[in-house]
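Colleague: As a plain string of letters, each chain reads:
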Amino acid sequence: MSVTLDRPATLTMRSAARHRLWRGVAQVATYLGLAAALVFFLGPFFWIVTTSLKGNEDFFAYPPVWIPSDPSLKHYTGLFTRSSGLRYFGNSLIISTLSMLAALVVSLPTAYSIARWRFGGGFLSTLLLVLRMLPAIALIIPIYLMYKAFGLTNSYFGLVMLYTVVYIPFAVWLLVGFLRDFPVEIEEAAMIDGCSRLRALIAVVVPIIAPGMAVVALFAFIATWNEFLFAIVLTGIETKTMMVLVTSFTTGGTDQFYGEATASVVLGVLPAFAVAFMLQRYLVKGLALGGTKG
Amino acid sequence: MRLFALARSRKQWEPFAFASPSLFLIAVVILFPLAYAFYLSLLNFDLSVGPEAEFVGARNYVEALVRDGRFLGSVWNTAVIIAPSLVLELLLGLGIALLLNRNIRGRPIVTALIAIPAMVSPVMAAMAWRMLFGVKFGAINNLGRQLGLIDVYFDWFATPFLAILAVVLVEVWHNTPFMMLVLLAGLQSIPQELYDAAKADGASPWQSFWSVTLPLLKFTMAVGIMIRMIDLTKLFGLIFILTYGGPGGSTETVAFNTYLVGFKDFRMSYASALSYLIVGGVLVLTLVFMWIQRHREARAA
Amino acid sequence: MRRLASITVAALVLMAVIWHVGGAGAQAKRPYEGTTIRAVVNAEYVKYSLSLVEKDLYDKLGIKIETEVIPADAFVAKTLLEFNGGGSPWDLVMFGPSNMPDYGRHFEPLEPWIQKLKLDFQLDDIVPVFAKVMLRHQGKLVSMPYDGDIHIMYWNKVAFERPENRTKFKAKYGYDLKPPKTWRQWDDAAEFFSGWGWDGSDKKLFGAGASYKPSGSGYSYHWWRARFFAYGGNYFDANMKPLINSAPGLRALEEMVKTMPYYPPGVLLFESEEPKTMLVKGEVPLLHSWTSTGKRVGNPAESVIAGKAGFGLVPGAEIDGKTIHRPPITPGRGMAVSKYSKQKEATMKVLEFISLPDQSLKIVMDPKTIMDPWRVSHLRNEKFRKAFPDADKYLDAIEQSFPLLVPDPVIPAADEYQRKLSFEITEALAKRKSPKDALDTAAKEWDKITERRGLEKQKAAWGEKLHEMKSIGIEFHPEWAAKAK
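Residue numbers (my numbering), protein chains in the order written: chain A, 1 to 294; chain B, 1 to 301; chain C, 1 to 485.
Isolated chain A, as found in the complex:
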């Protein structure tokens, strides 16, 4: 659809200048807008971090102290010692890492099946799509009862298994997207040389879609790290994760334990920062590749 206006073909001096002015204003506005966005989205983190470093009574001061006058790590040490923060951080790390690896190992062959052979046809694809929409609350009730019966509550195994399986539909969806773009010929070449399909997959395909797999892995890690409902119901004192630790600061007033509360938030968002930086260039591509393409 083209827009035709009756305007002289050549630009006059005035409209050229106007054009340049408009471009300049637009650029400034763009940077201002993005700056505002950055302040809005990152400002809270700034305050949380500085608050977690306030070593004295700055938190209670008015006029408010924005930069700590006596920065100290005492809230972090308090979190690690009194509130077993180190242990819970470790739990989150272990559970997320194991779930990420397991999800990848199990999802890749499945994605391969679907991408190469349209395994399961429309039925499987629809099932996986539906499972992705499933709310955790529908699953937690039967899972809780089943886990109680088998003694799987408060266990790494139980949690990792649950997180792995819950992430499979999403991982498969992303991986199918990556695999579809992968030319069949390369595998064929490897297989003609005599290796089995599985070996071909591992030796040839994986290295090439490794960036895609890394994206899936990191998203799986973060999704597990951030998960809350399964964590509060199924963890016990040994397996508590960072997400559950945060809840112990919501009663009795966030004012009293402000240091530990903010410190636990800082630790809890570390993976998000790390992943965001690692995936910088893939953020949009990752979504475009595996995402909006139907």
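Wrong hints could be hidden among the right ones.
Quick list of in silico lysine-lysine cross-link-like pairs, DSS-like style, CA-CA up to 27 Å [as the list claims (entries may be wrong)]:
1. K136(B) with K204(C)
2. K264(B) with K431(C)
3. K157(C) with K136(B)
4. K140(C) with K457(C)
5. K264(B) with K203(C)
6. K264(B) with K448(C)
7. K339(C) with K148(A)
8. K344(C) with K148(A)
9. K241(C) with K264(B)
10. K264(B) with K457(C)
11. K362(C) with K132(C)
12. K64(C) with K136(B)
13. K470(C) with K448(C)
14. K264(B) with K339(C)
15. K170(C) with K204(C)
16. K148(A) with K264(B)
17. K383(C) with K157(C)
18. K157(C) with K308(C)
19. K264(B) with K55(C)
20. K264(B) with K433(C)
21. K264(B) with K436(C)
22. K264(B) with K459(C)
23. K74(A) with K55(C)
24. K74(A) with K368(C)
25. K258(C) with K136(B)
26. K136(B) with K308(C)
27. K78(C) with K148(A)
28. K342(C) with K148(A)
29. K136(B) with K281(C)
30. K258(C) with K444(C)
31. K431(C) with K74(A)
32. K470(C) with K132(C)
33. K241(C) with K132(C)
34. K74(A) with K136(B)
35. K136(B) with K368(C)
36. K444(C) with K264(B)
37. K203(C) with K136(B)
Quick list of the computed label-pair ranges, beta carbon to beta carbon [claimed, not checked]:
38. L127(A) with K241(C): 49 to 57 Å
39. A214(A) with W13(B): 27 to 35 Å
40. S377(C) with L72(B): 48 to 56 Å
Quick caveat, the hints were computed from the structure, so don't treat them as lab data. The beta-carbon is built from N, C-alpha and C at its ideal position, and this holds for glycine as well.
Fit chains B and C to the known structure of chain A by using the hints.
Modeller: Relative to the frame of chain A, chains B and C by itself:
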């Protein structure tokens, strides 16, 4: 052609073998429990009463839809939170995506920075904002007082209206980056030639936005909205930390209410019924949304 | 001769050394060295309170305590879920005694262990009203008190004794400004003090404090029931019909809704500590709350009203010339040994230790622990009575309240009844429902709970409690609601 060669060389069991580990796990850890939950929803299993339960058919479902004011209230609350959140996320996300789509320096890092809120847990987002909203020592009130905007105490959770506002604000802060990324991907897939053609025809930036960008972005926007909408029906962690459903029950979402029923009242059967009602509701929403999409596309054609 | 002497001396010295080392060695070996028991509590400050006795516990018995904190909101749910499922990862369990009917059967009875280990819990030293609600389940001794929660009233003397305030009040209300004895006087005072600097400053202060969040087992219901019972209410009648939506209940809730503007914004989300903070910072002149408030009031580190605070009975209602006070006993916390524990002996010793008069005194005296006195010796202890200005008056106010206390409905599903009622009360306070709708909905929810637990079972359990309440003079008097002044 190639596919035939492939088909001949493949072993019959290979596709199944490759997919079987995850299929097995899905069956055991997701499908079986879901079936069990459905079965539970037809009983009156209540852990606080005892281990025995009897079959009651659809009674839980009927009770939820007819007698349970709190459940119906939670449905309403969820809708009240979803609507403005979706609108704001779309508008804000689109605005930022448009800005980022322009030629700016350091786009990857700016994108990554803006994306961060979407990658933190809703629990962390809620905790951070809960402290920001702190009545006496929170950053927002402190800033407000410094700038002379507020007097003494402003409690952001003092009334149901304010509490919902706070929830929407945190939600939008948390998830606009996701919407922004989706829209940015969509924007970047629009070929430059179309813009050039429009400019050649003399269209202003505003006009090319309406005539080129928006139509081609429609599908992406629809996908983004649908994903967000489904995610919003699951709203739980954010509520748990930010308001715990309060004041009163004004910010209880369907997922939160179901959690209370199942893990505070121990009414496992009733909670299962509620969760299936949620699943049903999400399904209906999705189907309605897809129907509207198809209808619009048919009309546009 | 000399050789014999030196041998004898050497032998004596050797014996002395061996005896000394042997004896000291035996002393140094603590009886339960190396044992760690697991405790579960519902807040960080409870964990902190246990840490106060940790060192002595370890020195004496060699036992360490590993404490898990489950936030109050999820506490009853999670612990009962574990117990009802047939086990528990904890040895020492903190619990709310109102929930004894639901918890009791999971606790290890103490009697056999008292015999076996010659334990002494000094039961005579426990305040009788706490002994009644915090010790036994179906007649068996299963737990010890840890925190004796009742409500008393606190007021800021500056507010009430400033001459300008007195003149202004008398002019407006026609009677002298005094710490309120009835709810009407309380409401007048709250209205009077709301919105200006009654401490002589130009700050905008508030009328009174309260906690209206329906979390945990529900706070708002504690504030409501002080009025409800004063106006003649009771929880159920003999047939388990809820009486909460009767005239006394309605009047109580309507008054609370009407006086909302005099309370600080955010009161709907206040839990126990926020209003206490406001009281000790001189921002509200009146508060009725748990006795732990008193310790914070007297703590100069954070309180600006230490020495300037009054302590008294929770207000009541004037019926036929007599003032009826009905302070709530919200019996705070008890400690018990889990039936499923694998270290019962060690845990029993720990329970005995933390319940010792001097150890428990440490816990209830520290202002950061939020734990309250529950032994008679606590209340009479000289050090406690001198711990802060007017501490003795504070402890006296507590003792005065004892004969008048109204318990929670201590029947199965107590937690659920309280939660559902608190929720509806706060809904009315948040203006999401009318007081009548709120209480009617609550009564309907109570019926549903009773139905689920079994009408006959609940009737039997409540029957006992109804009888107990009658014996201390608490009965249902709907006609008081209209009469009360």
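Colleague: Indicate, hint by hint, whether the structure satisfies it.
Modeller: Results of checking the hints against the structure:
1. Under the criterion of a C-alpha separation no larger than 27 Å, the hint pairing K136(B) with K204(C) is consistent with the structure, at around 14 Å.
2. Distance restraint check for K264(B) and K431(C): the Cα-Cα separation of roughly 25 Å lies within the 27 Å cut-off, and the hinted pair is therefore satisfied.
3. The straight-line distance between the Cα atoms of K157(C) and K136(B) is roughly 24 Å, inside the 27 Å bound, and the hint therefore holds.
4. For the hint linking K140(C) to K457(C), the alpha-carbon distance of about 19 Å falls within 27 Å, and the restraint holds.
5. Restraint check: the Cα-Cα separation between K264(B) and K203(C) comes to about 42 Å, which exceeds 27 Å; the hinted pair is violated.
6. Restraint check: the Cα-Cα separation between K264(B) and K448(C) comes to about 15 Å, which is no more than 27 Å; the hinted pair holds.
7. Proximity of K339(C) to K148(A) is assessed by CA-CA distance (about 18 Å); at most 27 Å being required, the pair is judged to hold.
8. As the CA atoms of K344(C) and K148(A) are separated by approximately 23 Å, the hinted pair is consistent with the 27 Å bound.
9. For the suggested pair K241(C) and K264(B), the alpha carbons sit about 24 Å apart, so the restraint of at most 27 Å is met.
10. Between K264(B) and K457(C), the direct Cα distance comes to roughly 21 Å. Compliance with the 27 Å bound is thereby established for this hinted pair.
11. For the given pair, K362(C) sits about 23 Å from K132(C) by alpha-carbon distance, which is consistent with the 27 Å threshold.
12. Proximity of K64(C) to K136(B) is assessed by CA-CA distance (about 38 Å); at most 27 Å being required, the pair is judged violated.
13. Under the criterion of a C-alpha separation no larger than 27 Å, the hint pairing K470(C) with K448(C) is consistent with the structure, at around 26 Å.
14. Distance hint between K264(B) and K339(C) is fulfilled; the C-alpha atoms sit about 22 Å from each other, no more than 27 Å.
15. For the proposed pair K170(C) and K204(C), the alpha carbon gap of about 21 Å is at most 27 Å, so the pair holds.
16. As the CA atoms of K148(A) and K264(B) are separated by approximately 17 Å, the hinted pair is consistent with the 27 Å bound.
17. For the hint pairing K383(C) with K157(C), the CA-to-CA distance comes to about 24 Å; that is within 27 Å, so the pair holds.
18. This hinted pair checks out: K157(C) and K308(C) have alpha carbons roughly 5 Å apart, not beyond 27 Å.
19. Our distance criterion of 27 Å between C-alpha atoms is broken by K264(B) and K55(C), whose separation comes to about 36 Å.
20. Between K264(B) and K433(C) the alpha-carbon distance is near 23 Å, which keeps this suggested pair within the 27 Å criterion.
21. Straight-line distance between C-alpha atoms of K264(B) and K436(C) comes to about 26 Å, which keeps the hinted pair within the 27 Å bound.
22. For the hint pairing K264(B) with K459(C), the CA-to-CA distance comes to about 23 Å; that is within 27 Å, so the pair holds.
23. Restraint check for K74(A) and K55(C): the C-alpha separation of about 23 Å stays at or below 27 Å, so the hint holds.
24. Our distance criterion of 27 Å between C-alpha atoms is met by K74(A) and K368(C), whose separation comes to about 19 Å.
25. Our distance criterion of 27 Å between C-alpha atoms is met by K258(C) and K136(B), whose separation comes to about 26 Å.
26. Taken as a hint, the K136(B) and K308(C) pair is honoured in the structure, with Cα atoms around 24 Å apart against an allowance of 27 Å.
27. Under the criterion of a C-alpha separation no larger than 27 Å, the hint pairing K78(C) with K148(A) is consistent with the structure, at around 12 Å.
28. Under the criterion of a C-alpha separation no larger than 27 Å, the hint pairing K342(C) with K148(A) is consistent with the structure, at around 19 Å.
29. For the suggested pair K136(B) and K281(C), the alpha carbons sit about 12 Å apart, so the restraint of at most 27 Å is met.
30. Under the criterion of a C-alpha separation no larger than 27 Å, the hint pairing K258(C) with K444(C) is consistent with the structure, at around 24 Å.
31. About 43 Å separates the Cα atoms of K431(C) and K74(A), which puts this hinted pair outside 27 Å; it is violated.
32. As the CA atoms of K470(C) and K132(C) are separated by approximately 15 Å, the hinted pair is consistent with the 27 Å bound.
33. At roughly 25 Å between alpha-carbon atoms, K241(C) and K132(C) fall within 27 Å of each other, so this suggested pair holds.
34. The hinted pair formed by K74(A) and K136(B) meets the criterion: a straight-line CA distance of about 23 Å does not exceed 27 Å.
35. With a C-alpha separation of about 20 Å, the suggested pair K136(B) and K368(C) falls inside the 27 Å cut-off, and the hint holds.
36. Between K444(C) and K264(B) the alpha-carbon distance is near 19 Å, which keeps this suggested pair within the 27 Å criterion.
37. In summary, the hint linking K203(C) to K136(B) is supported, as the alpha carbons are separated by about 15 Å, within the 27 Å threshold.
38. Separation of L127(A) from K241(C) is about 51 Å and conforms to the stated range, judged on CB atoms against 49 to 57 Å.
39. Separation of A214(A) from W13(B) is about 30 Å and conforms to the stated range, judged on CB atoms against 27 to 35 Å.
40. The beta-carbon spacing between S377(C) and L72(B), approximately 54 Å, falls within the hinted interval of 48 to 56 Å.
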